[in-house]
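These protein sequences, in sequence, are chains A and B.
Taking my numbering, the leading residue of the first sequence gets 1, the next gets one more, and so forth.
Taking my numbering, the leading residue of the second sequence gets 171, the next gets one more, and so forth.
Worth double-checking, as some hints may not be accurate.
[Said to hold, decoys possible] Facing chain A, according to a computed beta carbon distance under 8 Å, are these residues of chain B, among others:
hint, residue
1, Gln217
2, Val225
3, Pro300
[As the list claims (entries may be wrong)] Per the computed footprint, the stretches of chain A lying under chain B, defined by three or more beta-carbons under 8 Å from a beta-carbon of chain B, are:
hint, segment
4, 4 to 10
5, 13 to 19
6, 29 to 36
7, 54 to 66
8, 73 to 86
[Said to hold, decoys possible] In silico BS3-like pairs for lysine-lysine, Cα to Cα no more than 27 Å straight-line:
hint, chain 1, residue 1, chain 2, residue 2
9, B, Lys307, B, Lys208
10, B, Lys208, B, Lys265
11, A, Lys55, B, Lys307
12, A, Lys55, B, Lys265
13, A, Lys55, B, Lys208
Hints are computed from structural coordinates only; laboratory data are not their basis.
Yeah, the Cβ is synthetic: ideal placement off N, Cα and C, and Gly gets one too.
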Amino acid sequence: MNDSDERQLVERFARGLRQAPASCPSELELAAYADGRASEAEAVRIEAHLALCAKCLEGVIQARQLAAATPAAPSQLTSRAKALVAGWRPTSVRRRWRTVASWAAAAAAAGALGFAGLRAGTAASKARQEAAASVGTELSFEAPEQYLALLSSDDVLGILAPRGQEGHHE
Amino acid sequence: MVDLQGCLRGEKRAWDAFVEQAAPIIFAAVQRTLQQYKPTVDATEAQDLAQDVFVRLVERDYRLLRTYDPSRASLSTWLTLVARSTTIDHLRRLKPRTVPLDEAQELAAREAAPDDSPPELDIPADLLSPRQHLILKLLFEREMSVEEAAATLRVDPQTIRSTKHKAITRLRAFFGAR
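Here chain B stands alone, though its shape is the one from the complex (with noise of 0.2 Å):
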């Protein structure tokens, strides 16, 4: 168990404690996202950046730990994304390029270059549900299973399938018709 106040308080033991349980996720998410964006990880890269994940949580009188509820959210999480967003943060200074572009920059990217497919209806903006969308996303792009998205969104494998079953049922409705 963690004392976060402990830490926040500069004591020994507290934080000691705390490294214990953070360093592997910390590291783990570390590694992951590096993994992601460059094809060779160089293992004191990997150490470094988690590092200084650490080093961001307690400067300036722990400031970044403060920003931490957990009322929120588990601190594994938390550290997880902050962790990962350590990394991406250090990969854009290295190389701009090496982080894919979001969705809005991809679609200006394809707005912008001649494209040979037929042009495409607009889609309306509540066709789907974001939830409809999200489990579209994870089964078609990230080509997850039915149980591998249940895990992610933390929901039934038959809450998958019906959801998948209606998005698909209404994109056939509007597409049937052009």
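In isolation and in its complexed conformation, chain A is listed as follows (with noise of 0.2 Å):
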């Protein structure tokens, strides 16, 4: 396919090569060069990096071939991502209301209760939950599962939005 001679010839243009790449273009203009919707100008541009770029130019590579097949995701990240927006349904919040009681005064006295409500469980948030878990609350953060089957809940998630709701704050 590509002969050694060829090759040969590929190698020592890498090595003689003494361009540094421009700044990274957005992921907005790297999309529109994907998905062969940048500019003729723009295109060349976006080229000219992605040669010396290897971040820009996997990520090009990875977002054609998942638009070719992507595989099906995880349902509990699909309920977990849902979560973050309310449903408010103000009478069975109510019902919900004893449940989380406790948790929810721990999490108001931490500070902002709907930051922690939007943080919970991301990769970002796992050491938060052991301070959270020291207050002292009903739902154990050692048990995320019941806190994640909670969240998925649109009733509690009523208590949890992080728009300003009656009773809570950011």
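Grab the two chains, each in its own frame, and use the hints to assemble them into the complex.
Pasting the structure below:
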């Protein structure tokens, strides 16, 4: 396919390069290019960058590959992500209130309730769970499934929503 | 069909529909990026990072999601790249050297370290066009087939072959005389 003579030429070329890549294009610019929707001038500029930046090139390659076939997501992720936005149903919230009362009180005491709700379970927040657990809660943070099951309930999310709603604050 | 404006207004139904579409893409991109840079990928880590991406999209009144412009690119491609950036940032926070240096830094590192191979000529910046350079990179460095390179760049396989041929001819002419 690529014979060794050609390979040698390409390697000599690569070794002799003295160019540094310009700063990386934005995700939107790269996406436009990967979708074949960049203008001619933009495409040239981005290709010049891709030839010198492994990180951006890998991004474009991955985007093209995933566009071809995307495997399904774990259902737990879908539930957790949906739970980030509230479906407010006032009557059923009252029923659940008692269950989460102590947790809510603890989190409110610890600071921004909405923020804690948003961040819980993310890679960035696992350390915070221990701090919250030590305040004393009805729900154990050592049992994240319990918490996650609650999270996926629209009713409870009325409480955890980040938007300004009665009794909750950032 | 995703109702972006509905999402930005905080409408639950629009958001749920968005998540249904977005979760597979975000999860796959996170997982692939993790696999690239880590020998073993924890299933929870990929899910948590994917959730991080969703949080980034909604926080501060959907600030990141508002930057998406449907007239420029498809949502799925944009989400793939956002998911990748989030993952790479996460990896860099954990272990600064995990993600490979970009070309400029590699170049600087090479120049700083002694090298036994014969000193190479400086290549004029315009010896090859960006596309020629990129195609050679895909074929020789990434070891892609002509078809794979064509799919990546959204061109005909014949375009790949003829561009490669022109590029090699130029290199041969340049190095042949030296």
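Hints, one by one, checked against the model:
Interface hint at Gln217/B: satisfied, since its Cβ lies 5 Å from the closest Cβ of chain A, which is below the 8 Å cut-off. At about 6 Å, the closest approach between the beta carbon of Val225/B and any beta carbon in chain A falls short of 8 Å, and the interface hint on this residue holds. Because the closest C-beta pair between Pro300/B and chain A is about 4 Å apart, less than 8 Å, the hint holds. Coverage of the segment 4 to 10 of chain A by chain B holds in this model, with 4 residues showing a Cβ closer than 8 Å to a Cβ of that chain against a need of three.
Under a criterion of three residues with beta carbons nearer than 8 Å to beta carbons of chain B, the stated coverage of the segment 13 to 19 of chain A is upheld, 7 such residues being counted. Requiring three or more residues with a Cβ within less than 8 Å of a Cβ of chain B, the coverage given for the segment 29 to 36 of chain A holds, as 7 such residues are present. Coverage of the segment 54 to 66 of chain A by chain B holds. Counting CB-CB distances below 8 Å, 11 residues qualify, and the rule asks for three or more. For the segment 73 to 86 of chain A, the assignment as covered by chain B holds, since 11 residues bring a beta-carbon within under 8 Å of that chain's beta-carbons and 3 suffice.
Our distance criterion of 27 Å between C-alpha atoms is met by Lys307/B and Lys208/B, whose separation comes to about 24 Å. Among the hinted pairs, Lys208/B with Lys265/B is consistent with the structure: their alpha-carbon atoms are about 11 Å apart, no more than 27 Å. Annotation: proposed proximity of Lys55/A to Lys307/B holds, straight-line Cα distance about 14 Å (limit 27 Å). Of the pairs offered as hints, the one joining Lys55/A and Lys265/B holds, with about 16 Å between alpha carbons and a cut-off of 27 Å not exceeded.
With a C-alpha separation of about 15 Å, the suggested pair Lys55/A and Lys208/B falls inside the 27 Å cut-off, and the hint holds.
Violated hints are absent here; each numbered hint is respected by the structure.
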